[in-house]
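Following the hints, position chain B against chain A.
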Amino acid sequence: QKEVEQNSGPLSVPEGAIASLNCTYSDRGSQSFFWYRQYSGKSPELIMSIYSNGDKEDGRFTAQLNKASQYVSLLIRDSQPSDSATYLCAVGNNAGNMLTFGGGTRLMVKP
Amino acid sequence: SQTIHQWPATLVQPVGSPLSLECTVEGTSNPNLYWYRQAAGRGLQLLFYSVGIGQISSEVPQNLSASRPQDRQFILSSKKLLLSDSGFYLCAWQGLYNSPLHFGNGTRLTVT
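Chains A and B, in that order, give the protein sequences.
Just so we're aligned, residue 3 is where the first sequence starts under the working numbering, counting upward by one.
Just so we're aligned, residue -13 is where the second sequence starts under the working numbering, counting upward by one.
You may find that some hints are simply not true.
To be verified - With a straight-line cut-off of 35 Å between C-alpha atoms, the simulated DSBU-like cross-links for lysine-lysine are:
#, chain 1, residue 1, chain 2, residue 2
1, A, K69, A, K44
2, A, K4, A, K58
3, A, K112, A, K69
4, B, K65, A, K44
5, A, K4, B, K66
6, A, K69, A, K4
7, B, K65, A, K58
8, A, K44, A, K4
9, A, K58, A, K69
10, A, K112, A, K58
11, B, K66, A, K44
12, A, K44, A, K112
What the hints assert, rightly or not - From chain B, some residues computed to sit far from chain A (all C-beta separations above 12 Å):
#, residue
13, L5
14, E8
15, T14
16, S43
17, N49
18, S63
19, S70
20, N91
In case anyone wonders, no lab produced these hints; they're calculated from the structure.
Given the structure is predicted, the values throughout are model-derived calculations rather than measurements.
A virtual CB, placed ideally from N, CA and C, is assigned to each residue, including glycine.
Isolated chain A, as found in the complex (with noise of 0.2 Å):
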């Protein structure tokens, strides 16, 4: 069985601060990873891909994978109340073509 596990939270932050997001995954042979974003009652939607070790800068997200430690994270730099949200870590089986998604981490910035 594989499994993508996150804390649920809720992460509280205050509105400026770093906020951080774990995920552990449990299937080696994954090469693809997503977090994806879902507000309350919303769909998600995709906010960072990343596929090698190392860090991924956009914008205010910065994605970090480790796959010796089979570890993945998301950085939320200068955090806004609108980042308020549930957020998924996905990762990708090793034929490319299924994602495993975690229970989501809730995330709530404090003005």
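Just chain B now, kept in the frame of chain A:
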């Protein structure tokens, strides 16, 4: 650009009634298509996926079924709904392998 349409947005159905949810994708050919369900406050559960017309794989045994009558059309059905079928149903598409999934706006189904 690619877009995905999913309807209806909300649905209230009595127990034992049939169900048909439809999803269509525009702007891409031969996408992988997926149906997920999300119970309230829970994660995403993969129900069905399809790599081509008429090719359906089921991940969870249940009273739901899926069909792909056309390349960019994916339909989720049930002959008789159960209370436990309530949830947020999401259709998604994938282009190239190892690329991300892109979700429709979802259908919120309440079975009463």
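message = Are any of the numbered hints broken by this structure? If so, which, sorted upward?
response = 7, 16, 20
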